[in-house]
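Colleague: Since each chain sits alone in its own frame, please combine them into the complex, following the hints.
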Amino acid sequence: MITIGIPRAFLYYDYGHCCRAFFEELGARVIVSGESNLEILDKGAELCVDEACLALKLFYGHTADIKNKVDYLFIPRLTSISKGEYICPKIGGLPDLVRHTIPGVPKLISPEINLRKSYRQLIPAVLEAGRYFTRDDRKIMTAYRKAANMWRENTKYSLFIPPAEGPSLNIAVIGHSYNVHDRIISMNTLEKLKSSGASVYTCEMLPEELINNECGSLSKKIFWHYGRKTVGSCLYLSKQIEIDGIIFLMTYGCGVDSFMADYAERKIRRQSSVPFMLINLDEHTGEAGLNTRLEAFTDMVGMRKSEYA
Amino acid sequence: MKLTFPHMGNAYITIKALLDELGLDYVIPPFNNKRSMSLGSKYAPEQVCLPLKKNLGNYIEAFEMGADTVVLTGGCGPCRFGFYAELEKEILHDNGFPMEVYAFEKPEQGIWEVIERIKAVTGGFNVPKLVKAVKAAADISVMVDELERLTYKTRPREASPGETDKIYRDFRYGIFEATGGKEIKEHIKEAEERLRQIPLKEGRQPLRVGIIGEIYGTNDSQTTMDIDIRLGQMGIEVYRYVTLSSWVVDHMLKKALRMAYDMGAIEAARPYLSGTVGGHAQENAGNAIRFAKDGYDGVIQLYPLNCMPEIVVQSLLPAIERDYGMPILTLIIDEMTGEAGYITRLEAFAELMYQRRELQK
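Residue numbers (the working numbering), protein chains in the order written: chain A, 1 to 309; chain B, 1001 to 1361.
Bear in mind the hints are in silico, worked out from the structure with no lab data behind them.
Hints may be right or wrong, so weigh each one.
Each computed SDA-like pair below joins lysine to any residue, with the alpha-carbon atoms no more than 20 Å apart [claimed, not checked]:
1) K1254/B - D1139/B
2) K220/A - D1139/B
3) K267/A - L1092/B
Just a few of them, taken from the derived set where beta-carbon distance is under 10 Å, the chain A residues facing chain B [as the list claims (entries may be wrong)]:
4) E85
5) G253
6) V256
7) R270
Computed footprint of chain A on chain B; a stretch qualifies when at least three of its residues, placed anywhere within it, have a C-beta under 8 Å from a C-beta of chain A [stated by the list, open to error]:
8) 1127-1137
9) 1208-1216
Think of the CB as a built atom: it goes at the ideal place given N, C-alpha and C, for glycine as much as any other residue.
In isolation and in its complexed conformation, chain B is listed as follows (with noise of 0.2 Å):
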């Protein structure tokens, strides 16, 4: 058996680290790319999330290397993301991919379901083996968001342009290298070392961008065309709360071991979102609060097109924006996005946060 599993932004490294620790026979698909991307659409239906198709061009890249099982996290609603295993398995068996799709979620009938997935993928149930591999990657995952963070405060302030992305890259590609959580935790750290050593422009206060939306749509990075290198290159800080770690430790872990988790977001939001609609969407307009709260210049929402609980939240935001007085763009990406039209957006509203900025001196 030779699992694999989606991309999405900087996952890889996190569950990399776990298949290893876990000793398990994987295979990573190439990055997300404009053929995975085709593949996807070609055989998705058209209507379905952006994610869905991506997921797809995913394991058909890995197919053909050789993987043949694939490993997602699920879910049980609202949000379309708990049918995703389904839906991809049928669509994989109907067009010849006969691949077995595994997803890990907060079962439905009962912990022995989940025993059994974790059985028939791992081999056995191993449960120190178990804990220290979700251990490592879960402490992986943070590492490596505080990682990305970290960039996103050099490159705004660099003194020679470029520098933090030649070492991000470095660091992206690397991880193949890497092997088990001790090793990928040096690489990582040798990482952070390299970012603290560059020289930074001196008493520099770059505007400041908060990012919200869903929580793919945000954090992989072919799929939001690099939103964060592009405007930090534009000397523009960026800030996201909703991250792979934040839904690995607070979403599923803290909330599978009933243990108390950051509600700050949730609480803001009550006022213009009262309950749950699935997905990230109280998280998102929340953070839109606290961003407004902790003086932000602006905040961009990203998500794909048709994303539900995402268009609640978007339908809401400029409520938002108007009680705050913060200006909000919200970017909708779908497999036609072009690159030239989506920079021209992120330009104008540069420019317009600028002027804002200025005005208010």
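Only chain A is shown next, with the shape it has when bound in the complex (with noise of 0.2 Å):
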């Protein structure tokens, strides 16, 4: 039996458990890397350029955690997964990094994804990873679809906050998913939230419609898959009344959010009143003053929330 390893960082947080029912469909065995931990970022942060995003660092860590435990690795060319629009060039050259970076890595598995200029694009990438598993294109086609509906499934959201109730409130947390969903780069931002009470929302919560209705209303196209999602999600939520403040997470040297964080801050300060915080992560930040930034963020919030009331 064939083993894949997929690293889990990037785009795992978006389209990892598609990726799996599609291998694991075609009959391979999956092996996803571990949760984060510190000694995942400290082996990525010693393989990467120090001038690379601490998310870029964190791939490296846990493509380096299990590239001896597996036959291929999946780490597809990824230059656009939605119509006009790129995701990141240090996403788009991974397998080129990966491969020339990484000492020991096993054979990759990289089809190329660029679904710029069209969604039929992903077909021939599709096959070309299933290729390696089975020569019948249309088992590969059944596995692709099965995936691709589970991945309709859990991505079906209806946003719905109801308002926060006396002391709760409604936070929302605002990033790329694999920023805010991993518990080493965003310190378990969403957890610490939680545990004070607050009701967190996130961009994957938001149908796609209405992000790009509020980025429709640009003058300037974002061009950036997570910039459109950020900046949308802010600008939406900014104008939502149940919606008590908005924190941005963006982690040092991300140079989409340098633009998009500032953006979002300025289109959001002329809109709405709703408090906005930019928090600003890498691998050195120290918990304390994150917690200390959150405590302070949530109190404030709470107090005006109680003086408005």
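Modeller: Here it is, written out as structure tokens:
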């Protein structure tokens, strides 16, 4: 049985489950690297150039973590995952980076995924990945459809924000899914907020139409996938009266967010008075400092709310 | 309406020619300087890339000189440059500089958008005049780059040091006296003539260094802290593929007109970087390999801190260095970069290349 490794980083958080289902359907054994921990981050930071963003360092760590346990690593060459948009240069270069900088990596399965012009471009990529396991294209397509349906089921969201009662708060945590949902990068921000009694909303909970609607009114189309998602979510949520505060999580060295966080903040400040906080994370961030900032923010938001109530 | 534009090395010569030909009113901001840099970093978000901060400084200084409209080029990703115009406009407006910013880029919403913008800036849409102006500007960008490459050759070989620099400096400031494509072309030819008459040392075989990196960071002399001049003064010949003309002519015009353009670097980069990641990443990785194959003594990669495509290239360079046995130095620049540390690293690299050449004899 062929074993495939998927690093738990970057687009794993959006597409990992359906990729796993796809390969398992084709009879492969899939190993996903473990939950992020400091050891993985340290290993990644050692292998990676210093200037890279935190998420890339973590990706290196995850890849190094499973490289000896698998026959193949699944690292697609991702140029674009949505029409008219790019992801980010660093994610685009992942297979080349891994191949040339991590010593002793196994063979890569890296089909080119570029959906900038048309979603049909996905099919050749799917077939290329599937042909490592079977020659039967029909079998591959069946597996693909199953995985795609699973993805659609998992990403069906209808946003409903109940007004937070009394001392509890509704806080939106905006950021790239692989930052917000990673324990090490986000330092458990979501859990921390939840344990302080807040309800947390993230970009993934917003239906695409709402995001696109907001971004459609901007004077320049945002050409980064995650940039559109974060800015669109910020703009939409800042108009919702039920949202008590917005926290934007970005990592140090993220080029997309260096623009988008500032852009979103400027736009929000003009249209709404909702409290907004930008948190910049890197591998040196002390957890105590983050805790203090989160507590201060929730305190401030809570006081503001009781004043207006 | 008074136009202005950001500086990028010698780009002001080309843009001046274009605006002169179109008969528009404009201000050339002062060359990049300490004040413009500190103005830029004051208003820009901390982590944006260096060229945006420098641009902002240029705009604000031009605003003080009466400019009210900025023109620049743009793009649609994935490099951050495509979003410059939008963010710069926001920052200028938020800080009390009510300037209009127009980006000329591959149209997202069709060709009409570009025509509308041209109309807004030039006050009309006179096709023959536009074609003539663009043609003159494109010619001039090529001539300026050729002139600059000539200085790369003469500087390490000149018999009395400093002659090239003097002519080149006269040329850069002399441009302000010239108006229109014709005069500017004459001015360039004159400088070229003077450079060709510089007495050279016989039989000198200077070290050769290739410069790769982000286009702004390698073309703007203030950003690079005159790396080409400094290396030239150390007796090292430099070469750089990515220049303004390569970008304007190959990247923009030829692509827009669907003409064939130089794919050599992209082909060379393929084993290391098989697809586009934005910016000049593929070209730079490929050019490093081209330099190695041409027997250069070393390559220097320059980029402004946090440049996304160049981080990918930087990660790949050790593999190229190992496979081709050529030393590569990466220098990263931001607004804090100190000159002394920078020069020390250049000198150490030059020393390494000299010793390497001695050993290879």
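Colleague: Each hint: holds or not?
Modeller: Outcome of the hint check:
{"no.": "1", "hint": "K1254/B - D1139/B", "verdict": "holds (14 Å)"}
{"no.": "2", "hint": "K220/A - D1139/B", "verdict": "violated (31 Å)"}
{"no.": "3", "hint": "K267/A - L1092/B", "verdict": "holds (14 Å)"}
{"no.": "4", "hint": "E85", "verdict": "holds (7 Å)"}
{"no.": "5", "hint": "G253", "verdict": "holds (6 Å)"}
{"no.": "6", "hint": "V256", "verdict": "holds (8 Å)"}
{"no.": "7", "hint": "R270", "verdict": "holds (9 Å)"}
{"no.": "8", "hint": "1127-1137", "verdict": "violated (count 0)"}
{"no.": "9", "hint": "1208-1216", "verdict": "violated (count 0)"}
Going through the hint list in order, the structure does not satisfy hints 2, 8 and 9.
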